[in-house]
Amino acid sequence: MDIAAQSIEGGFADPVFNAQTVFRAVMDAMARPGSVQPLPPFARPPVPLSAAAGAIALALCDNDTPLWLDPALQASTAVRSWLGFHTGAPLANTPADAHFALIAAPAEMMALDGFSQGTQDYPDRSTTLILHVSDLVSGTPLLLEGPGIETSATIAPAQMPRHFVEQWKQNNKRFPRGVDIILVTADGIACLPRTTRIKTMEA
Amino acid sequence: MTAQSTDIATYNFAYLDEQTKRMIRRAILKGIAIPGYQVPFASREMPMPYGWGTGGVQVTASIIGPDDVLKVIDQGADDTTNAVSIRAFFKKVTNVAVTTDTASATIIQTRHRIPEHPLTADQVLVYQVPIPEPLRFLEPRETETRKMHALEEYGLMHVKLYEDIAKHGRIATTYAYPVKVEGRYVMDPSPTPKFDNPKMHRSPALQLFGAGREKRIYAVPPFTEVVSLDFEDHPFEVQTFDQPCALCAAENVYLDEVILDDHGGHMFVCSDTDHCEKRRNAPTSPLWGGRAEGAGGGLDQSTPHSTPTPAPRADPPHKGEGKEIR
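Sequence order for the protein chains is A and B.
The opening position of the first sequence corresponds to residue 17 in the working numbering, with each subsequent residue numbered one higher.
The opening position of the second sequence corresponds to residue 27 in the working numbering, with each subsequent residue numbered one higher.
In case anyone wonders, no lab produced these hints; they're calculated from the structure.
Some hints here could point you the wrong way.
DSSO-like, lysine-lysine: derived pairs with alpha carbons at most 30 Å apart [what the hints assert, rightly or not]:
(1) Lys-173(B) to Lys-185(A)
(2) Lys-189(A) to Lys-206(B)
(3) Lys-215(A) to Lys-189(A)
(4) Lys-185(A) to Lys-206(B)
(5) Lys-189(A) to Lys-241(B)
(6) Lys-173(B) to Lys-189(A)
(7) Lys-215(A) to Lys-206(B)
Counterexamples of contact, computed for chain B against chain A with all Cβ distances above 12 Å [said to hold, decoys possible]:
(8) Asp-127
(9) Ala-129
(10) Tyr-180
(11) Met-183
(12) Tyr-188
(13) Gln-265
(14) Glu-277
(15) Ile-285
The C-beta atom is built at its ideal place from N, Cα and C for all residues, glycine as well.
This is chain A alone, in the form it adopts within the complex (with noise of 0.2 Å):
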């Protein structure tokens, strides 16, 4: 298939009613973290964007919302021109500019801190991070601490990036500036809003 077609193919097919359905599952998953929330696969955009990160990129971002990619999505035309077809959203010049960035490969991304993190007046103009993971359950554990979480959560997303722990105990202690992450595999999709807490497991 060539670009033109590749980069029109593959929306929602109900956007009113897809787009609903992505953003209560993103807001369930924000609101109770490491809660694994389900997503139909909507979206099929081209690789090597997932079908739930492309659905969550089209749920939420338009023209009003920078993106930024990371290099492995951002060397991919088809990516590129399939998210401006159906969203519209101009792509970021640095990762500070962007309300959101989509990151292909986590375990190779840049620091957390290099993206928005909003200011203390207006600690809502951060970055969203859309992760894609392999699966929640095959990495380390992460214990889940926070508003949101009754007592305890535990996910293990697989592929995080490089001393994840650390780089979100920075992010906490920023508080209430920071970054909020989304996490998303093949059929679902986990959040890491920065009120969240990573409790270090004793080993």
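Could you slot chain B onto chain A? The hints should help.
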């Protein structure tokens, strides 16, 4: 235009256009990530005046889907103008199921009450907020209040509560009682009676707040610390009532005064109409559906409860009564 031929109005689902919904949805996500922080958003004109709940309506419109069941209350009542109009509005623009039953609703839009029936993790409570900034009446400049939130400088609010004590001998704030969310942001819980503040603390339900005229959205995620501000020697207390609901005899619920005539006749009844009706019809009513938990119960089935004819009292109860002035 042949709008009459279809059940659903010829608007986009839930009235708002998709770009507006995306903008509001992004604000809601930021609000959840920063509990108690007021996220600015580009509030739209709605087909109702500001002050009628346009903020709550925009939040509800952005989260609602075809499978949701919507309940709308106004001061606890399902049957007053604001609640009826907003319920009719959503019925028209979304065609979703609506209910007055607290337990079966998935989204509850509220003006100034939290239902008596405990909320669950499957529910979202959407508040209509008139003035989202708790510091606004103490400091009118937005530039200053924003700085105060940024620096976590809430001394002014404590001075205000202290002045209450100096003047009245107790904290006289009875509604819109300021809370601190997760130890960081001081938040206005909207003009709910302070009776409802404890229900916000570690609620299993997600709580979203929309202020249309003031263009702010904020949120309290489930299981989040919501602490009412107070002093060690003047701890936070909720209102108590010295008599139960005149209709259903419920105790430990919030009561409204209803004026009956021009001669001082009045009665105190549950502000939560759904709760009151359930109790009056319990436990045989089909409305109740056999659910027993949280019913409030307590009514003796053998004595059918009739509405008493209230007589004027020499000493009418009042909100906040039962408090000693020290």
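Outcome of the hint check:
1. Lys-173(B) to Lys-185(A): The given pair, whose Cα atoms are some 25 Å apart, holds under the 30 Å limit.
2. Lys-189(A) to Lys-206(B): Judged against 30 Å, a Cα distance of about 19 Å means the pair holds.
3. Lys-215(A) to Lys-189(A): Holds. Lys-215(A) to Lys-189(A) sits at ~14 Å (cutoff 30 Å).
4. Lys-185(A) to Lys-206(B): holds (23 Å)
5. Lys-189(A) to Lys-241(B): holds (29 Å)
6. Lys-173(B) to Lys-189(A): Judged against 30 Å, a Cα distance of about 19 Å means the pair holds.
7. Lys-215(A) to Lys-206(B): Between Lys-215(A) and Lys-206(B) the Cα gap is close to 24 Å, so the pair holds against 30 Å.
8. Asp-127: The assertion about Asp-127(B) holds, with a minimum of 22 Å to chain A.
9. Ala-129: Non-interface label stands for Ala-129(B): nearest chain A Cβ at 19 Å, farther than 12 Å.
10. Tyr-180: holds (14 Å)
11. Met-183: The assertion about Met-183(B) holds, with a minimum of 18 Å to chain A.
12. Tyr-188: holds (27 Å)
13. Gln-265: The assertion about Gln-265(B) holds, with a minimum of 28 Å to chain A.
14. Glu-277: holds (29 Å)
15. Ile-285: Nearest chain A Cβ is 41 Å from Ile-285(B), so the label holds.
Hint compliance for this structure: every hint is met.
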